[in-house]
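**Q** Sequence:
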Amino acid sequence: MENEPNPDGEQVRVWCDGCYDMVHFGHANSLRQAKAMGDYLIVGVHTDEEITKHKGPPVFTQDERYKMVRAIKWVDEVIEGAPYVTTIETLDQYNCNFCVHGDDITMTADGVDTYHIVKAAKRYKECKRTEGVSTTDLVGRMLLMTRQHQQVGEAEYLVERGHSDSLGTDASARSPWTGVTQFLPTTQKIMQFSSGLTPKPGDQIVYVGGAFDLFHVGHLDFLEKARQEGDFLVVGLHTDPVVNRYKGANYPIMNIHERVLSVLACKYVSEVVIGAPYSVTSDLMDQLKVDLVCHGMSEVMPDIHGSDPYLEPKNRNKFKLLDSGNDMTTQRIVERIIEHRLDYEVRNKKKEKKERLPLLPTWRPRPRAGSTLAKSVWSNSTQISCGSLTDSLAALQLYQPFPSFHLVVLEIREWLFHGFIRQNRLPSAE
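In full-length UniProt numbering, the protein residues as written are 1 to 430.
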């Protein structure tokens with residue numbers, strides 16, 4: 001998508017909002033697409049209280065989420081405590097031309113489309129949701145403690161539907177958005193995330209290596225510190241088997257392709273080495289022209305030969321320990337999930353059930369009782385094999401209010417009931 005031309009030559013300001021919990025490359029990709037539709041991107045982030053009310057408890061605190069979104073390279077401004085339902089007043093307050101959201105659905109606790117107001121005002125645009133990644137899936141990987149998501153021979157990129165089902169979601173609830181799909185990495189995706197920059201003559205090049213799994217605020221603060229040590233920051237990402245050797249269990253939670261995109265989305269990162277060696281070698285330092293190698297305050301595991309992986313930069317007097325002041329680790333995130341497992345099971349089950357409700361078309365003209373509306377609803381319901389008549393009627397909450405709403409509901413109820421009888425060959429009460 002290209003920036004949309006403004007005939008007045010004024011800056012096109014774009015609004016996005018969301019929870020942005022456990023920020024991953026899917027979030028970053030939606031913001032990248034939104035930024036491409038305008039010149040200046042403002043992102044509203046909801047509070048913990050609002051998220052808990054409408055979805056359930058977030059994994060990250062609101063301050064952590066504010067910081068994570070600010071560090072995404074396509075974001076120009078972050079609005080803290082944005083309202084859960086996007087309104088025209090919000091867009092006008094920040095001088096935004098329109099709102100952008102992915103092609104999945106977001107609803108309030110009452111089942112109302114959070115974007116219905118801006119959609120009705122035609123100040124809403126959609127971008128494509130990134131397939132193969134969701135917060136639900138990541139939580140599932142942590143709880144299951146399996147290694148199926150890692151890159152291992154023919155099984156690479158595999159993420160089973162069982163990850164979501166085991167979280168207490170309804171096995172019959174097949175949401176097209178919450179359900180897990182396969183992430184397929186492509187060179188185009190990497191190019192879209194890459195800054196394409198190269199070091200300028202005289203630039204101080206800094207190198208850091210690691211797993212950077214479940215990219216979090218601890219990583220973020222460390223990379224910000226590392227970037228302050230030079231002009232061009234290179235991040236070396238270790239392969240899945242290497243990370244599993246020194247982390248154990250089912251780590252890394254995200255495979256290397258997912259981790260690459262998460263790190264590339266960070267505004268402090270200039271370049272990423274995919275599958276970097278665990279030990280910083282002379283070849284690596286010479287080829288990348290590294291001036292300084294940095295490591296955080298976490299314990300350094302020896303390499304497979306029992307040697308110090310930072311021996312080479314230390315011998316060159318080009319090694320520095322950095323204290324980011326943040327003790328967040330991937331392990332602590334996993335502990336948060338496990339500690340509140342039941343809360344997240346309930347949250348994900350509710351989300352799945354809401355998303356599987358039949359989606360009615362957005363009718364522009366106001367429907368009238370006695371119109372052909374009911375027929376279109378019945379047709380739509382049978383096409384998607386709705387679970388129950390109650391679910392079908394509940395979906396109407398997304399599109400109220402409009403005149404004669406209750407009469408239309410009665411008409412739809414009648415069509416659904418008789419259609420159900422015809423479909424199942426039950427005797428009619430008539």
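Just so you know, these hints were derived from the structure itself, not from any lab.
All residues carry an ideal CB built from backbone N, CA and C; glycine is no exception.
Any given hint could turn out to be false.
Taking lysine-lysine pairs in the BS3-like style, the calculated list, with each CA pair at most 25 Å apart, reads [to be verified]:
no. : residue 1 : residue 2
1   : Lys225    : Lys122
2   : Lys200    : Lys125
3   : Lys247    : Lys200
4   : Lys318    : Lys225
Pairwise CB distance ranges (calculated) [stated by the list, open to error]:
no. : residue 1 : residue 2 : range
5   : Glu89     : Arg245    : 18 to 24 Å
6   : Gln204    : Gln93     : 25 to 31 Å
7   : Glu77     : Glu126    : 42 to 48 Å
8   : Thr329    : Lys289    : 26 to 32 Å
9   : Thr329    : Lys122    : 44 to 50 Å
10  : Asp104    : Arg332    : 27 to 33 Å
11  : Thr281    : Glu335    : 30 to 36 Å
12  : Thr198    : Glu131    : 28 to 34 Å
13  : Gly9      : Asp286    : 47 to 53 Å
14  : Asp103    : Asp283    : 26 to 32 Å
15  : Gln192    : Asp76     : 49 to 55 Å
**Q** Does each hint fit the structure? Answer for all of them.
**A** Evaluation of the provided hints:
1. About 43 Å separates the Cα atoms of Lys225 and Lys122, which puts this hinted pair outside 25 Å; it is violated.
2. Taking the CA atoms of Lys200 and Lys125, the gap is about 38 Å. The hint is violated against a cut of 25 Å.
3. For the hint linking Lys247 to Lys200, the alpha-carbon distance of about 36 Å lies beyond 25 Å, and the restraint is violated.
4. Among the hinted pairs, Lys318 with Lys225 is consistent with the structure: their alpha-carbon atoms are about 16 Å apart, no more than 25 Å.
5. The hinted window of 18 to 24 Å between Glu89 and Arg245 is violated, with their beta carbons roughly 54 Å apart.
6. Checked against the hint of 25 to 31 Å, the C-beta distance between Gln204 and Gln93 comes to roughly 41 Å, which is inconsistent with it.
7. Judged by the Cβ atoms, the range 42 to 48 Å given for Glu77 and Glu126 is violated: they are separated by roughly 22 Å.
8. For the pair Thr329 and Lys289, the supplied restraint of 26 to 32 Å holds, since their beta-carbon distance comes to about 31 Å.
9. About 46 Å separates the C-beta atoms of Thr329 and Lys122, a value consistent with the hinted range of 44 to 50 Å.
10. Checking the proposed 27 to 33 Å range against Asp104 and Arg332 shows it holds: the Cβ atoms sit about 29 Å from each other.
11. Between Thr281 and Glu335 the CB atoms are about 34 Å apart, so this pair conforms to the stated range of 30 to 36 Å.
12. The hint said 28 to 34 Å for the Cβ distance between Thr198 and Glu131, and at roughly 31 Å that hint holds.
13. Taken as a hint, the range 47 to 53 Å holds for the pair Gly9 and Asp286, whose Cβ atoms sit roughly 49 Å apart.
14. Take Asp103 and Asp283: their Cβ atoms lie about 45 Å apart, and the range 26 to 32 Å is violated.
15. Taking the beta carbon of each, Gln192 and Asp76 are about 18 Å apart, not inside 49 to 55 Å as hinted.
Hint violations for this structure: numbers 1, 2, 3, 5, 6, 7, 14 and 15, all remaining hints satisfied.
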